[in-house]
Amino acid sequence: AQRVTQPEKLLSVFKGAPVELKCNYSYSGSPELFWYVQYSRQRLQLLLRHISRESIKGFTADLNKGETSFHLKKPFAQEEDSAMYYCALSLRTGNQFYFGTGTSLTVIP
Amino acid sequence: DAGITQSPRHKVTETGTPVTLRCHQTENHRYMYWYRQDPGHGLRLIHYSYGVKDTDKGEVSDGYSVSRSKTEDFLLTLESATSSQTSVYFCAISRTGTSYEQYFGPGTRLTVT
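Keeping their order, the protein sequence lines are chains A and B. Going from the first sequence to the numbering used here is simple: count from 1 and add 1437. Going from the second sequence to the numbering used here is simple: count from 1 and add 433.
Isolated chain A, as found in the complex:
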């Protein structure tokens, strides 16, 4: 069963426009959710974790348990935000970590 769904494979926005990358998950318990970013031909980097409620590079993500969503948002996109973004879910054990299929974000100058 697909634990994490990212409905958009590709997303293009203009520089300065708001951006939202969608992530929905399926799990009835209390998961941990993360966003990872992968710049061109680089390793995946942890961007956000929901438990810390932090803002990194202007990105935020709120866990909505009612809608089982963890969408990633940024009010003003920058060209350097162009990358592949992955939503991920951990079931709080060492062997259960699930990734979505990723969304490729392109910020148009």
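Everything labelled a hint here was simulated from the structure, so no lab data went into it. Wrong hints could be hidden among the right ones.
Keeping only pairs whose Cα atoms sit at most 30 Å apart, straight-line, the calculated DSBU-like set for lysine-lysine is [to be verified]:
hint	chain 1	residue 1	chain 2	residue 2
1	A	Lys1446	B	Lys503
2	B	Lys490	B	Lys444
3	B	Lys444	B	Lys503
4	B	Lys444	A	Lys1446
5	A	Lys1459	A	Lys1502
6	A	Lys1446	A	Lys1459
The hints should help you fit chain B onto chain A, whose structure is shown.
Then chain B, alone, in the frame of chain A:
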């Protein structure tokens, strides 16, 4: 980068040959993982390890085996490489404790011709 390295970084091999990829970590983490990354599929777990000599299968384990004889090294072996195993392979570790987020190595780009 959590002290994770992978070798080789690039490899081209022929169908039917065995291939071994190495993941090395310097921070003594218990959990290690091998993923493959393919367009349209995201990251898929191949195998993982929860300690020395303790390994288990992931979602796409067919055609792959792993070994972990030391805490710092986790090896992925393609027994007999096929073209469908052309992919980018990422190793990851999990920092257990308060959170289970994973940290990734730089990846190995494998091409099977």
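Here's how the hints hold up against the structure:
no. : hint                  : verdict
1   : A:Lys1446 / B:Lys503  : violated (39 Å)
2   : B:Lys490 / B:Lys444   : holds (24 Å)
3   : B:Lys444 / B:Lys503   : holds (24 Å)
4   : B:Lys444 / A:Lys1446  : holds (28 Å)
5   : A:Lys1459 / A:Lys1502 : holds (14 Å)
6   : A:Lys1446 / A:Lys1459 : holds (10 Å)
In this structure, the one hint that does not hold is number 1.
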